[in-house]
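Chain B: place on chain A using the hints.
Each protein sequence line maps, in turn, to chains A and B. When you line the first sequence up against the working numbering, it's residues 286 to 455, in that order. When you line the second sequence up against the working numbering, it's residues 286 to 455, in that order.
Each hint can be trusted.
One copy or two, either will do: identical chains are not told apart, so a pair holds if it fits within one copy or between any two.
Keeping only pairs whose Cα atoms sit at most 20 Å apart, straight-line, the calculated EDC-like set for lysine to aspartate or glutamate is: (1) Lys450 to Asp318; (2) Lys450 to Glu439; (3) Lys433 to Asp336; (4) Lys422 to Glu321; (5) Lys422 to Asp318.
If you're looking for bench data, these hints aren't it; they were derived computationally from the structure.
Protein chains: 2
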Amino acid sequence: MAVAKTAGAGLAKRKRPARELPQAPADAIQLGDLAEFLGYSLKRAQLRIFDDFIGCVAPLQLTPAQFSVLMLVETNPGRNQTEIASTLGILRPNFVALLDELESRDLCVRVRSSNDRRSHILRLTEKGRAVLVRARKLIETRHEARLKELLGAENRELLLAMLGKIAREF
Amino acid sequence: MAVAKTAGAGLAKRKRPARELPQAPADAIQLGDLAEFLGYSLKRAQLRIFDDFIGCVAPLQLTPAQFSVLMLVETNPGRNQTEIASTLGILRPNFVALLDELESRDLCVRVRSSNDRRSHILRLTEKGRAVLVRARKLIETRHEARLKELLGAENRELLLAMLGKIAREF
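Just chain A, same shape as in the assembly (with noise of 0.2 Å):
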């Protein structure tokens, strides 16, 4: 399929001047094999967007965690802890302090359920909604927007759709 290829050298065509040829020092590490394994390579990446990603939210103070908490409570509102967890992925001991950083930090409540006084629904608070409101803002207009400047448009969301077809298919 000639057809990535071709897109894979727009990819290197935009690279910046400067890192073309990347002046090594002589006794740099040598990576070799380890960056042709995908997770080693996901991994480095994954790194540096979530530092982008603190460093855009900064003055909100949000983990990138806590951020796709905030964002999944906003769209499923009334769901328990229990259900938004595990849609996240995040075991039980680290989402409970994730959950006791937000709600006192008034971004977040836990209610009792009224059909099972065991579980926990979530809320955002009127804070929350705010700051969610701008946290967006900040992550689109700066963080999202670089990346996709860096990748261009149909890269990036190749990159989405090869992303989600791991995420679900492998």
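Just chain B now, with coordinates in the frame of chain A:
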């Protein structure tokens, strides 16, 4: 750029028929706009890939981070602990724990550097080299081969190129 779109269409076409119209239960949690954020999709794909990686090398009991360290030490014999850790972006306390584990399993040794008594050179043991050969074979023939089948070889290359671009240039 119509090129990437065509590649994307090719990708969609390879979806398993059963997944084309996912029968989500009516009360399933909706991801909503969250699925459009690259950071979220990257993290989900990375978690899935790490899970599969761990399953593939289960007979050898290696985590992705341990595998990366063994790979890097083999490619760069005689380099010190700090250089390997910083190349992989692993924090010092985590790296020390990881090396303790590899050393206790006789896969890797720390040798005090003759040039700088405070630094430790890393070397694979005989057993470490043998385990790495077996691990690479398992990962290449199972994990990476199935990823290539899922995405297509050329889309896999394009994915690697985009992830590398993000890690280096974003």
